[in-house]
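K.L.:
Residues per chain, in single letters:
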Amino acid sequence: MEMPTPNQNVLSRKSQIVERLQSVLPIGAVIHTESEVRAYECDALTAYKCPPLCAVLPASTEEVAAVLKLCHEMGVPVVPRGSGTSLAGGALPTADCVILGVARLNGVLETNYEDRYIRVQSGRTNLSVTGAVEEMDFFYAPDPSSQLACAIAGNVAMNSGGAHCLKYGVTTNNLMGVKMVLMDGTITEIGGENLDAAGLDLLGLICGSEGQLGVVTEATLRILRKPEGARPVLMAFNDNEVAGACVADIIKAGVLPVAIEFMDRLCIETTENYAKAGYPDCNALLIVEVEGAPEEIDEQLALIKDIARKHDPVELREAQDEEEAARIWLGRKSAFGAIGQISDYMCLDGTIPVSSLPMVLRRIGELSDEFGLKVGNVFHAGDGNMHPLICYDANKPGDLELCEAMGAEILKLCVDAGGCLTGEHGVGIEKRDLMTHQYAQQDLDIQMAVKDVFDPEWLLNPAKVFPLDSSASRRMAAE
Amino acid sequence: MIVKTEQELAESVKAAPGPLHIRGGGTRDIGNPVDGNVLSTAGLNGVTLYEPGALTIVAQAGTPVADIETALDAENQRLAFEPMDHRRLLGSSGTPTIGGIVATNASGPRRISVGACRDHLLGVRFVDGSGTIIKNGGRVMKNVTGYDLVKLMAGSYGTLGVLSEVSLKVLPKPETETTLVLHDLTLRDSVTAMSAALGSPFEVTGAAFVNGLAHIRIEGFEASVAYRAGKLRDLLAKFGEITQTEDAASAAMWRDIRDVKCFADHGAVTRVSIKPSAAPEFAESLGQTRGADLAMDWGGGLMWFAVTETEEATHKALQDMSAGKGGHATLIKGSASMRADAPVFQPENPTVTALSQGLRAKFDPRGILNAGLMG
Ligand SMILES: Cc1cc2nc3c(=O)[nH]c(=O)nc-3n(C[C@H](O)[C@H](O)[C@H](O)COP(=O)(O)OP(=O)(O)OC[C@H]3O[C@@H](n4cnc5c(N)ncnc54)[C@H](O)[C@@H]3O)c2cc1C
Ligand SMILES: Cc1cc2nc3c(=O)[nH]c(=O)nc-3n(C[C@H](O)[C@H](O)[C@H](O)COP(=O)(O)OP(=O)(O)OC[C@H]3O[C@@H](n4cnc5c(N)ncnc54)[C@H](O)[C@@H]3O)c2cc1C
Numbered sequence: 001m002e003m004p005t006p007n008q009n010v011l012s013r014k015s016q017i018v019e020r021l022q023s024v025l026p027i028g029a030v031i032h033t034e035s036e037v038r039a040y041e042c043d044a045l046t047a048y049k050c051p052p053l054c055a056v057l058p059a060s061t062e063e064v065a066a067v068l069k070l071c072h073e074m075g076v077p078v079v080p081r082g083s084g085t086s087l088a089g090g091a092l093p094t095a096d097c098v099i100l101g102v103a104r105l106n107g108v109l110e111t112n113y114e115d116r117y118i119r120v121q122s123g124r125t126n127l128s129v130t131g132a133v134e135e136m137d138f139f140y141a142p143d144p145s146s147q148l149a150c151a152i153a154g155n156v157a158m159n160s161g162g163a164h165c166l167k168y169g170v171t172t173n174n175l176m177g178v179k180m181v182l183m184d185g186t187i188t189e190i191g192g193e194n195l196d197a198a199g200l201d202l203l204g205l206i207c208g209s210e211g212q213l214g215v216v217t218e219a220t221l222r223i224l225r226k227p228e229g230a231r232p233v234l235m236a237f238n239d240n241e242v243a244g245a246c247v248a249d250i251i252k253a254g255v256l257p258v259a260i261e262f263m264d265r266l267c268i269e270t271t272e273n274y275a276k277a278g279y280p281d282c283n284a285l286l287i288v289e290v291e292g293a294p295e296e297i298d299e300q301l302a303l304i305k306d307i308a309r310k311h312d313p314v315e316l317r318e319a320q321d322e323e324e325a326a327r328i329w330l331g332r333k334s335a336f337g338a339i340g341q342i343s344d345y346m347c348l349d350g351t352i353p354v355s356s357l358p359m360v361l362r363r364i365g366e367l368s369d370e371f372g373l374k375v376g377n378v379f380h381a382g383d384g385n386m387h388p389l390i391c392y393d394a395n396k397p398g399d400l401e402l403c404e405a406m407g408a409e410i411l412k413l414c415v416d417a418g419g420c421l422t423g424e425h426g427v428g429i430e431k432r433d434l435m436t437h438q439y440a441q442q443d444l445d446i447q448m449a450v451k452d453v454f455d456p457e458w459l460l461n462p463a464k465v466f467p468l469d470s471s472a473s474r475r476m477a478a479e
Numbered sequence: 001m002i003v004k005t006e007q008e009l010a011e012s013v014k015a016a017p018g019p020l021h022i023r024g025g026g027t028r029d030i031g032n033p034v035d036g037n038v039l040s041t042a043g044l045n046g047v048t049l050y051e052p053g054a055l056t057i058v059a060q061a062g063t064p065v066a067d068i069e070t071a072l073d074a075e076n077q078r079l080a081f082e083p084m085d086h087r088r089l090l091g092s093s094g095t096p097t098i099g100g101i102v103a104t105n106a107s108g109p110r111r112i113s114v115g116a117c118r119d120h121l122l123g124v125r126f127v128d129g130s131g132t133i134i135k136n137g138g139r140v141m142k143n144v145t146g147y148d149l150v151k152l153m154a155g156s157y158g159t160l161g162v163l164s165e166v167s168l169k170v171l172p173k174p175e176t177e178t179t180l181v182l183h184d185l186t187l188r189d190s191v192t193a194m195s196a197a198l199g200s201p202f203e204v205t206g207a208a209f210v211n212g213l214a215h216i217r218i219e220g221f222e223a224s225v226a227y228r229a230g231k232l233r234d235l236l237a238k239f240g241e242i243t244q245t246e247d248a249a250s251a252a253m254w255r256d257i258r259d260v261k262c263f264a265d266h267g268a269v270t271r272v273s274i275k276p277s278a279a280p281e282f283a284e285s286l287g288q289t290r291g292a293d294l295a296m297d298w299g300g301g302l303m304w305f306a307v308t309e310t311e312e313a314t315h316k317a318l319q320d321m322s323a324g325k326g327g328h329a330t331l332i333k334g335s336a337s338m339r340a341d342a343p344v345f346q347p348e349n350p351t352v353t354a355l356s357q358g359l360r361a362k363f364d365p366r367g368i369l370n371a372g373l374m375g
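Note that the protein sequences, when read in sequence, are chains A and B.
Residues 1 to 479 in this note's numbering are what the first sequence spells out, letter by letter.
Residues 1 to 375 in this note's numbering are what the second sequence spells out, letter by letter.
Chain B extracted, bound-state conformation (with noise of 0.2 Å):
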């Protein structure tokens, strides 16, 4: 079923029969897997609204995040939070749509500095479970009047709701970007180094260990690009043979990194995010060293797993080692056995489980909308 209006869209849920499977572009098919009708948002198409002297664009749920692309561009602006494009990783095909990118809050490198989607997102409008349509927010970047529900459907997957509009802040595009490449780094080393990148006066907005090497990336006017990783070369000199990558070059790098390209071969992949000084004895623990199957970004706060795909035992035991550390653990790959039997999101403290079930009884009453997708 593939809606075209806001009320075509109420009108669906509330005459759904049953279970409800949401899709934008279905590019990723993931979390514990759904049964249920396929309800398509693909044809809530179009930016409604586009203001680049107030960072502003608003737009239809299923709008490509391509044409938002497209648009952004022709004024030099962007999506600052830096989508990942999973087709790469998960080898899937389809159009990655804006209102998936908000259902899954997904972010990419640039969350150290400019924080993740749900923090871009001013507002939402989306059909609730009874298939009510419901506003919040709005399209200015500080509201708050009554409580903030576009951060609670950030990050929902479409368990709360079916998103029809979102509208979201843009930055500017720097005009240039550059990334330092620390070779021949431990682990345990290259979040210090990160960590000293993070920490200084330089606007660092990359920090990942991939391959062996740690990146460090700065964005903004030349002339001050060239100051700041002047400096950060001598801040960094400590940690041994430094290269550096310059503009077009560097910012496919960061593609890259965003899509977790090193691991497309993998059956099976686990993304953890832990506070950044924890990472290395948790990879050490796990007999990691120096990243064979283990990528991180955010500086060391998110770690990119790789197993294989028989290896739910694996996928388990990070989220036990997680739950320890006051991490959490995902699975973000794996075959659709792996996803029914293992617990695809990391299991939560009781009170937090209460009270999300208590707000999903509240917002989908029946139960319909992407049942058991976050367990």
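Just chain A, with the same shape it has in the complex (with noise of 0.2 Å):
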């Protein structure tokens, strides 16, 4: 992956910057040495590392504000960083940016019952946020599959969801504010504890932004009451189209599930051999949870298995107590690890139309005959995003290349099915060149022109999001 030349104007003056750092930061804030740096020469997209030249840990607002003016002044890069869990390359620094940590921007400020919102520093894990106000019964709905680690500074700028996206959206549609600061230093709050703020969305705006237009450090966030309860049903088809052409007929029945996942062949299987879940032999799996008092969930369950009879499938498997429950969640959950078990793999990140999926899974299965790759599905059926995983060997000279290349085509294939290139993972670097085929110059200059409002000089996280070539003029202009 192509990344551009690191600014020598920059390096050159490293002492320099890391010793004003310090005099605005606390000791032990910035840190600055070969082996220390090397901390945050990557994100969870591995395969590409570079340490930057120093990275920063401030401890609250006023102290991004002081390092983002000094480096607004220096002409320095920054790069936001929450927990280091993209899978994008959204926070993989250059050799001449400072990384900005929000790690320790990390506590609750306010909990609020009655008008039911939370403010948190924004560093704070996607998971605590739940924690904090379980007590009460209540929860913050986006469930990244990383919300144990990801930090919901990063939820914001890659507006992450989760697998019960289906019913309570994404993180966009659970933000009510933030506190905000801008790369010339300046402090804003946008949106607030109102469910809808003055003005133009800038807020709708900011998520999904990839670290490109602020620094976040305070996010308001509604929370919700915790159901009565919730209970999976698993089913079994022999036959892709079959399980989609089954989930159509679920929706347009009238359930609204909380989740539908599903999972093709080479993934039960290698599941099964890992996690025992105790998943039937089939081409096809669905999972379908619903949520509500019992009586609701036998309702909506007796017409879900209806419909899902008329389709013929292998087996109907409803969860009777917990414990058969957290074993159809199982093999779910495990597999990305089970697949982890066998081979190196990529994961992908595309969005299709839910009924083109027998399409695109069929296309996806000649692509891995022509690659000679294998590749695992599985994914949110509900809305349509996929995962899938493309095996490769990472020791054997090309295959990385390979992969790439397959990727890339099956992303294309999503964006000419009617879909996105990608639905939860963000852009960041991994799917920077490809962005052309989503989108038209044009509509590329119009958000380039909206970086341009709020970072004219284009030293937050540049060389992101845009392809190398659109961004270049801007990025040059910086220097």
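In case anyone wonders, no lab produced these hints; they're calculated from the structure.
Only a predicted model underlies this, so the values are computations on that prediction, with no experimental measurement involved.
All C-beta atoms in this analysis are idealised placements derived from N, C-alpha and C, irrespective of residue type, glycine included.
It is possible that some hints are incorrect.
Claimed, not checked - Here are the simulated DSSO-like cross-link-like pairs (lysine-lysine), alpha carbons at most 30 Å apart as the crow flies: (1) Lys310/A with Lys173/B; (2) Lys226/A with Lys252/A; (3) Lys305/A with Lys4/B; (4) Lys396/A with Lys310/A; (5) Lys231/B with Lys226/A; (6) Lys325/B with Lys226/A; (7) Lys252/A with Lys231/B; (8) Lys49/A with Lys412/A; (9) Lys4/B with Lys362/B; (10) Lys14/A with Lys69/A.
Said to hold, decoys possible - Chain B is faced by these chain A residues, among others (derived, beta-carbon under 7 Å): (11) Asn173; (12) Asp383; (13) His437; (14) Gln438.
Dock chain one against chain two, each of which comes alone in its own frame, and use the hints as you go.
P.N.:
Have a look at this one:
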């Protein structure tokens, strides 16, 4: 993956930059030795690494503002970082950048059950937000699989989603306000504690902007009361197409499950060998979960099972108790780990309209034959968010490149089917160069014009999201 | 000028010698008054794609909302964000368009449970102020490919671009609905009761206070609605007498609430958005304890104040008070002169204003799209 040549003028001033950062931050908040900065050399897209110039760990909004003001003055690029779990290389450093980590900003500032929101500092992990309101039976809905580790900061920047977003939406649907620092050091608040903010929807723009418009230091999040209960049903089919049709029929019937997950044969078999969840022998498996009071769950599941029966299932298994429910989910939750046991793999993230599911799966099978690489499919079928896992051998020269080329073909296929390049992981550096497949130049130009407004010098996380040649003139102008 | 295709729309904007006033169905000409030649999108008409199994509909911006609702109805689906029809409140005529709904981010009582129009908007095509056709988003529910201009376009009142096509997420229609009506409550108690209902696990989809009565709505399958209604009655018993209105009667009740029918006869109406717990004090400081000229929706988070036509000062006072409480006030109904003099939209903090102006300058460099409408 190509990255721009680092700015020599910045590199040569390293000691001066470190000193000035030290002058505005407490002792220990500036990390600059060669061995220490290595901890920040990549995010969860570990194929690409580069140690930053230095890293800073401010502990307040004011300290973040001081850092940005300084870097702005000195023309130093800044890459914001939450927990570094991005799979798109969103937090990948460049050699001439300061990594601004928000891990020390992890407090709860306010919980308000009457108005149903929580205000937290942005470095707080996703799961611990729910942890803070659990005793009152509330929860924070977006639940990325990385929720134990990832920070609200990264969730806001990537507009992260999770398995339950069919019902509850993704980050942008649960975010009410942010406190944010612009690249020049200006502290501002956008949105707040009421449901709709005045004026233009800047909050909607910030969410999903991949750390390029400002550094988020606080977030006000909607919290919801936990449902009385939830129960999954497992459905096995002999054909992907039939499973796909079943999903559409469930949705058309007016039931709205909280999750509909899909696994194909390779995933089912691999997972079964690894986690022993007791999955049936079949080609396509659906896990459908509904929520509510026991009576409501019964009624919804009865309807769902009626629909499934019309599609000739190999097996229909409704969880009778907590333990069985856990076992139904166990395989799905172990899928990534299971594939990881048998092979190196690349996890893609594209979306398609649910109706194109059979066509896309068929075509992925053909590509798998053409490239000679195995692909497992596990995804959120309710909202068309696919995660094809391409297996390759990291030790075999050329295999990673082959894998990347095949990944690009699959993502283009998603776009051509009416979907998009990324449903939850973001563009980062990973899909930067594919953006022109989804968007025409004028579509990208207006997005880049938005960055011009928030960060005219293109210092904040530059060289991400937009193809390098598209953003070149803007990034050059900054130097 | 009525354009019939996106291409024509682009050419008209590019060739425009001066300011344009963008119009969908023209059911609501509000905001600070706009000068300019009328550019109507009413000719951009038709549903382009509807996939009930994928919960998505794509339509040209000028498509009448009624046509969309008819198409959805046939598949037992709906626009879940419950957009308001302003014709009753404003006494206006015309045919509301889907583009107008998106441009104003019109969102009704169900906003508290399913989100606003912007939360259901999946993709847009629009023409910016220089006549360039732009697309953003798409027609799938999850999309984080580049910046989310979809949200930005929702509620931008035609000041960033003229929408030519929108794609929306739709939801199934519930089998039935019921409304619990709580009688004889003070405003303060009504907010407490509504907060309790909304903080319960019983999936309330409407919580409004109108004519001195608090209304709590639940929707879904029949048995489930009955079960939850029972649970909620237990939960809310301490607030006094509760009556229940079912199905069609309940739906009619919520249409009136959605359209703020109670203030149809008032000359001027201001809408205040605020956190629910701050609503009682807000109202009390205006001498309101039982909601004479006040209605509340969104569990107290949305207040409608009826003021008299001449009382520009009241509107301004509402904005001042909102500013102090982190909320904002918008003049929805008022005479042309009142709208010309008063700030219709809440003045913002200077950084937000600068960013918004910066964006407008990029999207509409000549400043010709609904110039000045949002202040
Ligand atoms: C095992 C695994 C499972 C995953 N599952 C999911 C999933 O189910 N759903 C999903 O959506 N994602 C998933 N992800 C991806 C990842 O966890 C999310 O993108 C997450 O939101 C990243 O959060 P983070 O705090 O780790 O951010 P980082 O990786 O640190 O940064 C991500 C982006 O956010 C920016 N950023 C960080 N902090 C700030 C800030 N304060 N202000 C502005 N910008 C900032 C960065 O510059 C970068 O562009 C998964 C990742 C892993 C490793
Ligand atoms: C100031 C204001 C406040 C409102 N508040 C609420 C509210 O609180 N709750 C609620 O439910 N509804 C609200 N609405 C919604 C609104 O009244 C109608 O539901 C909707 O505007 C009907 O569409 P129309 O085609 O008649 O719009 P019109 O009256 O023709 O236009 C409405 C606005 O949208 C712009 N517009 C129309 N079409 C396009 C397009 N294709 N591209 C770009 N811009 C376009 C117009 O320039 C105008 O500013 C509000 C509307 C306005 C103007």
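K.L.:
Need the status of pair Lys325/B, Lys226/A: alpha-carbon distance at most 30 Å?
P.N.:
29 Å, holds
K.L.:
Given the proposed pairing of Lys252/A with Lys231/B, does the C-alpha separation stay at or below 30 Å?
P.N.:
Within the cut-off at roughly 29 Å; holds.
K.L.:
Does Lys4/B lie within 30 Å of Lys305/A when you go C-alpha to C-alpha?
P.N.:
Violated, at about 47 Å.
K.L.:
Going straight from one Cα to the other, do Lys231/B and Lys226/A come out at no more than 30 Å?
P.N.:
OK: Lys231/B and Lys226/A at ~15 Å, within 30 Å.
K.L.:
Holds or violated: are the alpha carbons of Lys49/A and Lys412/A at most 30 Å from each other?
P.N.:
With a Cα-Cα distance of about 26 Å, the restraint between Lys49/A and Lys412/A holds, given a limit of 30 Å.
K.L.:
Given the hint that Lys396/A pairs with Lys310/A, does the C-alpha gap stay at or below 30 Å?
P.N.:
46 Å, violated
K.L.:
Hold the hint about Gln438/A up to the distance rule: shortest CB distance to chain B must be less than 7 Å.
P.N.:
6 Å, holds
K.L.:
Would you check whether His437/A satisfies its interface hint, that is, whether its CB is within less than 7 Å of any CB in chain B?
P.N.:
10 Å, violated
K.L.:
For the restraint on Asn173/A, tell me whether the closest CB of chain B is nearer than 7 Å.
P.N.:
5 Å, holds
K.L.:
Below or equal to 30 Å on CA atoms is what counts here, so check Lys226/A against Lys252/A.
P.N.:
OK: Lys226/A and Lys252/A at ~26 Å, within 30 Å.
K.L.:
Decide if the proposed pair is consistent with the structure: Lys14/A and Lys69/A, CA atoms, cutoff 30 Å inclusive.
P.N.:
OK: Lys14/A and Lys69/A at ~17 Å, within 30 Å.
K.L.:
Any CB of chain B closer than 7 Å to the CB of Asp383/A?
P.N.:
4 Å, holds
Hint compliance for this structure: hints 3, 4 and 13 are broken, all remaining hints hold.
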